[in-house]
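Those protein sequences? They're chains H and W, same order as listed. Per my numbering, the very first residue in the first sequence carries number 1; after that it's consecutive. Per my numbering, the very first residue in the second sequence carries number 1001; after that it's consecutive.
Hints are not guaranteed to be accurate.
From the structure, some residues in chain W lie toward chain H, with a derived Cβ separation under 7 Å [what the hints assert, rightly or not]:
{"hint": "1", "residue": "1322"}
{"hint": "2", "residue": "1349"}
{"hint": "3", "residue": "1352"}
{"hint": "4", "residue": "1353"}
{"hint": "5", "residue": "1355"}
{"hint": "6", "residue": "1356"}
{"hint": "7", "residue": "1449"}
{"hint": "8", "residue": "1450"}
Since the hints were made in silico from the structure, they are not lab data. Glycine included, every Cβ here is placed at the ideal spot set by N, Cα and C.
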Amino acid sequence: MKILELRNVNKIYDGSEVHVHAVNNISLDFEEGEFAAVVGPSGSGKTTLLNLIGGLDIPTSGTIIIDGTDLSLLKPSQLIDFRLRNIGFVFQSYNLIPVLTAKENVDFIMSLQKWPAEKRDARTMELLTAVGLAERVNSRPAKLSGGQQQRVAVARALASKPKFILADEPTANLDSKAAATLLEIMEKLNLEEKITFIFSTHDPRVVNMARRVITLLDGKVVSDEIRKKENKPA
Amino acid sequence: MVISAVTVGIISGVMIMGVMQGWIEQRMHDAIYNEVSHIQIHNKEYLGNEEPLFTVIRPEEVISSVEALPGVRAFVQRTKLTAMAATPWAATGLFIYGIDPEKEKSLSEIYKKIVPGAGEYIDKNKDGTILISDKTAEILKLKHYIITSGLFDRLGGRHIPYSVMEKLDSLKEVRFRSPKDFREALRSRLSKKELDKYGKILIDSALDYRIRSRIQITLTDSAGNPVQGTFRVCGIYKTTNTGYDQMSAFVNAGELASLCGTGKPMIHEIAVLLHNIEDAESVRRKLSSLPPGNVVSTWKDLAPDAAYMNDFMILYYFIIIGIIMFALAFGIINTMMMAILERTKELGMLMAIGMNRRKIFSMIMLETTFLTGVGAIAGMISGWLIVSMLGKTGIHFAGWGEGFEAIGFAAVVYPYITTEFFIFVILMVIATAVLSSVWPARKALKLNPVETLRTE
């Protein structure tokens, strides 16, 4: 089932001195359950593309449709609410709230959606167990390793049962062991629960594991490779 | 940061207001209970020209009217004459009050203001005595500072080391007319440390009045003839108002009447103390039917400085609180702006994951208000404790005491704070916190999540 469509999407940064065509006429479709990596050199437009898909940035032209909803038709307040309910984000530097525990960081997303407390508790424990942190639910981010923090971030991204997860360089700040653990968890969630992941990455381990690899160069898609074979993380 | 800024701000505000209120209340109390009472009745002519003949017109009728008034706590009648007081060393002009000493106690607290060890309050049964002030004693050179052998014995060893006392040996039996001169003499003989440590006790202990000294009083009788009498100083009083003290001396009314040859005391002034200060104006209106030629004045007419301060107390409140709140608002805005800058990435993340603007705005507002609230509560409690403590011990403005007393303010102030003030401050702090948080909150709303997530 198609959950994301990009049609002739452009993003141009037109400053007084610089004119950057960050995303150049990109059209892509994503099906439910994909495990896709967007790759390319620095400045190729990976992060900009993810920001556009996530509704954090507005395309200069073109259309982005998520599960039948055209983002360009949403008012800013509607777009924020749409993000909350439909898109999960995993950031390169985790971006957990430092004063909240792992449990509270995950719970927070659901409380924004006004889920009842019992349902939130159950979901939080389910997710933290899924990412292997059932024993660290009451730890604050400062007490967790980078890999553990990123796993909390994945649990947080999954909390509101989004249509897909956007992960911007999720392994960039992790050592190889932590990165491997994280990727295993994400792949497992993808395969077993059909959760769609779209990564931007430089990390060959992520690329190896991805079943679809989209390569960008100067804002354009230069290749879109679908891999049928199921890969395992290195 | 916000909490400590608010706490310090509130403590400062409470302290300033406590001291101001303490001063104003003290000035009000002293003005009424030492100087003017709530109501005074005079002959209209007397107010413009203090001649002995301008006595209260038909005083019996006036007294009957006053006695019949509800809300009167006490009243007295006084003779009040301008006089020249002289000793062999100096002379000064003053008002001499002829009073009934015992009745006067029901209305005036002068009898409580006798300087310890400096005689006693005027006694109705002791003839020829006069009660003068510390200031008058100083002017008439009846006050001096002297280090006697007795003082050496009293202080040496126990309060002041013998080594220090020995340095003062050359000052023995030397009279100093003012504390300033005495202090200068001490300074020339003692080190700064010794002066700081023992100066006050030496000055206090060396103070001596020539009690029982004779003062010659010259005044005019009701016919305009000069008359003279001699009185012995029975005691020295000291209020917080040097100006009043300098101009006021008290004798038995009967003796003044004998001196002036009037047989019975002339009544120039009827002073009335009420149960409630608020009733002063209504009592004045009720006394409008007094025999013509008399005039009724309230404490506001007689002590306009105290009345002015009382009337403008609320304005002082607003000015002081306004300054504190202005500083508080700056502190809050500055700190919260810094907090937002430090948490740009966190706020960007919250926006990215779907926290709407209303919630971001509310979050910053709530945070600011909460921090301010905690600081305000801490400040109020601390301020209240400090003011309560100082309200018992008093704050001693020793260095400026003379200046303060010259304008009617005590050198020792007992700060206090009313409940109304506390409520007022709490409301103002909440209002300031809410208003001050709007700007940082609006600033947070303007953050662009894409840009903020890029920041390191």
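Quick rundown of the hints versus the structure:
no. : hint : result
1   : 1322 : 35 Å, violated
2   : 1349 : 4 Å, holds
3   : 1352 : 6 Å, holds
4   : 1353 : 6 Å, holds
5   : 1355 : 6 Å, holds
6   : 1356 : 5 Å, holds
7   : 1449 : 5 Å, holds
8   : 1450 : 5 Å, holds
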